[in-house]
Amino acid sequence: MDEHISAAVAALTDRFGAQASEFRGQFSLLLAPEHIVTACQALLDEFAFDSLAGQTAVDYWPEEQPRFHLIYLLYSFQHYQRLTLRVPINGNALSLPTIENVYPSANWYEREILDMFGVRFEGHSDLRRILMPYDWVGHPLRKDYPLGYEEVQFSFNYDEIDARKPYARE
Amino acid sequence: MFEKTEITLDELRHLVSDRALEGDTVLLNMGPQHPSTHGVLRLLLELDGELVVHCIPDIGFLHTGIEKNMEAKTYEKAAVMTDRLDYLNTVGNNLVYCLAIEKLVDLDVPPRAEAVRVILTELQRIASHLVWLGTHALDLAAMSLFLYCFRERERILDVIEMCGGQRMMATYLRPGGLWRDVPVEFEEAVRQILKDFPGRIDEYEAMLTKNPLFLERTKKIGILSKEDAIRWGATGPTLRASGVAHDLRKTQPYSGYEQYEFDVATQTDGDTYARYVVRVEEMRQSLRIVQQALDALPYGPVRSNNRKFVPPPRAELGTSMEAVIHHFKLWTEGFSAPKGSVYVAVESPRGELGVFLEGDGGPKPYRVYWRTPSFANLQILPLLSRGHLVADLVALIGTVDIVLGDVDR
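Protein sequences, first through last, are from chains S and E.
All the letters of the first sequence, read from the start, carry residue numbers 12 to 181 under our numbering.
All the letters of the second sequence, read from the start, carry residue numbers -9 to 399 under our numbering.
Looking at chain E on its own, in the form it has when it is part of the complex (with noise of 0.2 Å):
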């Protein structure tokens, strides 16, 4: 089964124009050390002059193995390998693989822990559109933007470090419920919260809405037709801003999102703009439903009591020989799941994350496959950028908003 293989030139040659073989076009790398590519994507560019001809993404400088590495640890040991995915994203990756192995297991999940998890999947929502607003407009050479966006997030990311004990990577989310109960500033840090940020984005939109330079660098650039949208699998605000008012939280909902009211922020040029405000306006309804659900956060134990599967609290274990048993076991063997397969999905700041869990009745996950929204909408760059200028190209890297750990996994 190690076969070598070889790729010959002409195993390539199909993806330049017969231009550049005459040399009438030009063939240039772009990346992978490249500050607007954010991280390591590299960039087959074929230039006629300024124009793109084609664009050919070379993707897998970020792979860790994760898919592979998980398959060889525990169900609960390998939630933590699922924040290193999209790492803006850290409590979105932990929910989808949790409810994956609630689905999986059937374990229910009390109603404070579903509550906490939305306001912080939320939470973190608006933290990963703020790198994104930052970087994207520093790409267009806004850069005090990015210093402001930036100052922003981390009042979100200390929120997550008192929560879970890190500003990123927490695994706070536990399949079963929380690893712990919020502390008590958690309210008052989220309330402050509230509070400040709908004037930021207002200024925000103050530097960048009405902003001829920003209007120049955006309108009508990288056009995506709802067609083309639904056939090459783009979700997220990339869809929603070419006129598919689709949102995973409203369409199958998950967590409770059916308590909560808030809009599917929708646009319908599907140009670079539009998925500018698209991302904006979901900042402010992530907000929104941060409020209710903050407002009407019930009281209670925040995982789940099936000891099968969630491991006793550590007082018990001085007093019950059953919870002794059940710490030992779980810690070491882990619980099994049954054999079968489901697939679960929730929307990512990015689009529609989803994870696939095969079990096998083992304790560990026999088959994970991660479908991450930056890797399907990264496909559609080639055909964003066909016509545009190299200049623009910049921009459209920024408007897919992908993350490369999430793309090469």
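For reference, chain S alone in the conformation it holds in the complex (with noise of 0.2 Å):
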């Protein structure tokens, strides 16, 4: 593991009980939602992640608890290095603080979340849709949203599909 981000994955992890994983070589860290805007601002203060390369989210409907996954791609101009930060969010409270005014590049990520995701942000500076019309209803990245066609069934994924089938059930 490089030093550099040995020393950020091991202060996130002391100051704000982040869990650290591995996979491929890369990292990320799984935070609490309330402690995002202080991990990114000591992230960029004292680690030099000058940079929020991609901002989006992930949804693992039909779970509830936490139903999405915030995803904060994060890159240092100084050190070449990357670090991703995951934050889960419940289903149920879909809103978190914005990072903003840590990252200007986060407004329009932000935007794209909500007009995806439906997770809103508060104290952000612009919060309206992005992509969809403005009277667009729904958020399409959702699991749950359809798509608009019948999947082929196979035999290992036929219980999958049919579950979710519209059937005239009785």
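Since the hints were made in silico from the structure, they are not lab data.
There's no promise every hint is true.
Said to hold, decoys possible - Quick list of in silico lysine to any residue cross-link-like pairs, SDA-like style, CA-CA up to 20 Å:
(1) E:Lys58 <-> S:Pro108
(2) E:Lys63 <-> S:Gln164
(3) E:Lys63 <-> S:Tyr156
(4) E:Lys210 <-> E:Ala381
Put the complex together from the two separate chains, hints included.
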């Protein structure tokens, strides 16, 4: 493990109780939503993670607790290192603080997450839909949002598809 | 969950200044059907005379739900959708998606495939920059350059057609290597390009680099400071023109880029002209990389031999039962990727093109997120355009080099 990354990981684990994990040589930290702004500020100020490369979410429906993981992809232009933050969000309380004041580029990323997943960011300066029409109903990238065609059933996924097929049931 | 959301006028009021409400400034719509917006970008402009007070981009007209659609296809079948993201950089999109899968399932790529990938990505970078150069010059009223650039671009698309069967959207790169080996004419066609192109780039430079009309329109227009560029997530030529010598091909090499010698084109002015200089220099550096990769092109297989992920060649199907089973399994169910997520990024002509790929143990990607450079770079447009003339805004849309397919996905 690189020195710079290990210092950042150790600090976040220590201060915010984050859980570190490694997959294929990439590091990610599982972090509670209330710490996200302070954690990002610490990474920016102390560990030179000076840019937010991307921000998105993953929906684990039908699991409700936590239903979403928010993904923060941080990059350091000084050390050429990447770090992923994962923030679990409860499916019944879809809001968390914005990190727009730490990384300005989060502005559009957070609008996209609102649009696609329906997660609200408190304190965001311009929280509107960005890709879908403003009067669109629903959030397309959620797993319970239909794709609009029928999937082919094979033996390995028969039950899985059957369970969510709309039949005229008695 | 399907609550209907209505936007009230109050929610939009913060986008414009108070002067707009008093009628002191004018609100003007630019696009989505405007030739200089390079696609379907709509800009809401607040103008004070001819000066831009606020510029509010409105995107999403080309949103095709690629991320959602990819979740419903197997890993290999979803690859065709990647071409449609940034339609000027189709090979680069394939490349990053293949690299992400190869990382997720830990798949090897033969050296010949890696070298061909580098050659095609670099040629595609030149083709993309040619479209940018032609349209950028066209926006600034230099008509003839557009025709020259498109003439040269067609030569590169011919090479891609030769390999993959289509000029664009070829999906020639596949997880584990290439679809098939390059044809015999490939090497000669690329060598001819390498011979002709340096002179052609000199011609373009002769038309623009010292042209007083071009300098008037680009010097000191849309200055982006180094700090703003990093804070706002700018990447690619936009970042390098602001004095940050950062190129993912150098800092996090992939596909064997560490073997090739090239310079990272950097400028410090951060204006439209600096971005022009950076991109033109990048075309020359790309030619250098192609030259080295072609000279050292190794022989051998072009696709991994791992039958759990790569279908067997057609010839094997007649003689091997195992090959038939693999063929059937891979084309119906597809291969499975482990639970876990990876983020892989490459240097596209526009900047950092990244894909966040999450597997759930099944044959389809659980989540694919595209970190597209145009989306991040377009976010800077309001910052760049503040206080400039409407006519300069046209130059600024050109200089951030957006592709709307890449912005809207």
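Please write out, lowest number first, the hints stated earlier that are contradicted by the structure. 1
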